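Colleague: As a plain string of letters, each chain reads:
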Amino acid sequence: MWRPLWAIIERELKWTVRQRSRLVSAMVRPLLWLLTVGVGFEAMLRETGAANYRAFLVPGLLAMVLLFGAMLASLSMVYDRESGVLRMLIMAPFAHSWIVVARWISATLVGLVQAAMLVVLLGVMGYLNGGISAPLLAVGLLATSMTCASVGILIAVSTRALDNFAVVMNFVIFPVFFLSGALYPVRHLPPWLRLVASVNPFSYGVDLLKHATIRGPAPFFGADFGIGADLLGLAAFTAVAVLVAAIRFSQDSVLEPLARWLSNGRGN
Amino acid sequence: MALPALLRTARAVLSLGPAEQLRPEKAFARGGLAVSAWDLSKNFGKLKAVDGIELQIREGEFFGLLGPNGSGKTTTIHMLTTLARPTHGGATVAGCDVRAQPVSVRRQIGLVFQESALDRNLTVEENLRFAGALYKMPAGLARARIDELLQLFNLDAKRRTPAGELSGGMRRAVDVARGVLHRPRVLFLDEPTLGLDPVNRRALWQFIARLRREERVTVLVTTHYLEEAAACDQVAFLNAGRIIGRGAPEHLIKQFGAYVLEVESPDPDGITAHFSARLGVGLKTDASVSFRIAEEHFSIAGLEAELDSRVRAMHLRRPDLNDVYLWLIHGGFGGRER
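Taken in sequence, the protein lines are chains W and A.
If you read the first sequence in the numbering used here, its first letter stands for residue 1, the second for the next number, and so on.
If you read the second sequence in the numbering used here, its first letter stands for residue 1, the second for the next number, and so on.
Hints are computed from structural coordinates only; laboratory data are not their basis.
These numbers were taken from a predicted model, which means no experiment stands behind them.
Check before you lean on any hint, since a few could be wrong.
Which residues of chain A face chain W? A partial, calculated answer using Cβ under 8 Å [as the list claims (entries may be wrong)]: (1) His78; (2) Ala84; (3) Arg85; (4) Glu115; (5) Ala131; (6) Tyr135; (7) Glu165; (8) Asn239; (9) Val311.
All C-beta atoms, glycine included, are put in the ideal place defined by N, C-alpha and C.
Here chain W stands alone, though its shape is the one from the complex:
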């Protein structure tokens, strides 16, 4: 199974690297947040005596790149109208669930490539100085990317309504991002929002990255959960999501309409 799997991943990565404008916009988005929302909030919060807000925002923005990169990469799977490759894939001699797994792995890597670029940029800009745990950062980025990709894959095989970018932005990406602790600590939220944030798997990714980048005692802006809880939350969600997606994708109710659509949508 390695040869086909690697071929699918290689193709996806080649494509990611060739799409310069997408890579650039993936970098611009978090930097824009950092330099507008980050600077603005920091100026406001400084009046209240709080610590460095931009440093707090860094892990959230790294997670944001993964959310957009990995999740959109896996979301585009089933209804990828631009390319006929899905036709090749569903006729290939392996179980259809491998298509989901391959897409999940390659989306994870796409997210990681983008996150690595942002890490370099942030490092150059001086946002990652001191107190960074490189191994924990690597683990955090990997685990978060895997989770974001798994969310995308799960949505992709579950519904056809979400193949529209605007719908995905409004109903998935924004809520997931805003309710994750990326912009403000979870522990200061009202209880019902805290509950929502704690069932949002993305929260644990953001939190893990906080552990990696915000070191030392920081009572106000520190991480909300323990490292173990973060890893467990991410791993559990990801495993379930990939499993459910793989099983669902092999089901007739998903595969047959897809095959008909790929054969021209007339369904005859």
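Given the coordinates of chain W, assemble chain A onto it according to the supplied hints.
Modeller: This is chain A only, laid out in the frame that chain W set:
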């Protein structure tokens, strides 16, 4: 569970159908049936898209599944290529059961979709290499095979062209090359000439003929351009999910008759009434009636004068598969009556 399936398979392999459809000595000469389907059916809600069809396609045969859009051709192909599960009935393809062994079936078949299965961003060669990897072909073997196929399809010069920049005809040819890269035992072509101009259509059929000659692959093709299927060894006509006729094209055409007489007239009913005693029941379309003419030495001299002003034009021609299909839809041509 296993026993009934086994019995069904055995039944399907052994039930050879009427003698003219399948000559047993030839069927087993090269390993038997490439495709065998029994009671193959697919419902979408209440719609019976495919309604209990039987198919026996010999190894190496060129088989045409013909019918208009919506007659169930693509659904049949999807069931045979493991992309749809039969509601009831079943099939074996290249000796494997489509329900129980879908991966084994897919390993031994190629499918060319109506729409291109190529990545527009990759070159012709990259696409084919990607396809080779999906079939776990060793790189060296895949390279040799790609060279061979690009030669066969006259595409050598386009090797490094992105698939998105190819003309429609070339892209379809690359799609076919992609479909046979792994040397499948059965190649399924779903409306391969759809959207192609006549020149490219002819070129594509020539490629397929060359492929059959050189690789001896069994080919199942669907098309609604019925006249294109004349080169098939066997055809089956589908209408509303059922097979309404089958046989070798030349045999079907011969059985149909020697000529088709088309009479254009503002009064088709009058024409029918006038001729039916002599020529049998005609087949009416908007402003014309056609008759099946069995006699090889038929002459239209005199008919025109007989009908004078009621005839706008009269046309005698050899029948083709379109005529066969039209008559089958309207009740067949076993006898003179409907």
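Colleague: Could you run down the list of hints and mark each one as holding or not?
Modeller: To see whether the hints hold, each was checked on the structure:
Here the hint on His78 of chain A is kept, as its CB sits about 6 Å from the closest CB of chain W, short of 8 Å. Look at Ala84 of chain A: its Cβ gets to within about 5 Å of chain W, closer than 8 Å, so that hint holds up. Interface restraint check: Arg85 of chain A against chain W, minimum CB-CB distance 5 Å, threshold 8 Å, status holds. For the restraint placing Glu115 of chain A at the interface with chain W, the shortest Cβ-Cβ distance is roughly 6 Å, inside the 8 Å limit, so the hint holds.
At about 6 Å, the closest approach between the beta carbon of Ala131 of chain A and any beta carbon in chain W falls short of 8 Å, and the interface hint on this residue holds. Checking Tyr135 of chain A against chain W: minimum C-beta separation of about 6 Å stays under 8 Å; hint holds. Interface restraint check: Glu165 of chain A against chain W, minimum CB-CB distance 15 Å, threshold 8 Å, status violated. Given hint, Asn239 of chain A at the interface with chain W, is violated; its Cβ is 12 Å from that chain's nearest Cβ, farther than 8 Å.
Interface restraint check for Val311 of chain A: the shortest CB-CB distance to chain W comes to about 39 Å, outside 8 Å, so the restraint is violated.
Checked against the numbered hints listed earlier, the structure breaks hints 7, 8, 9; every other hint is satisfied.
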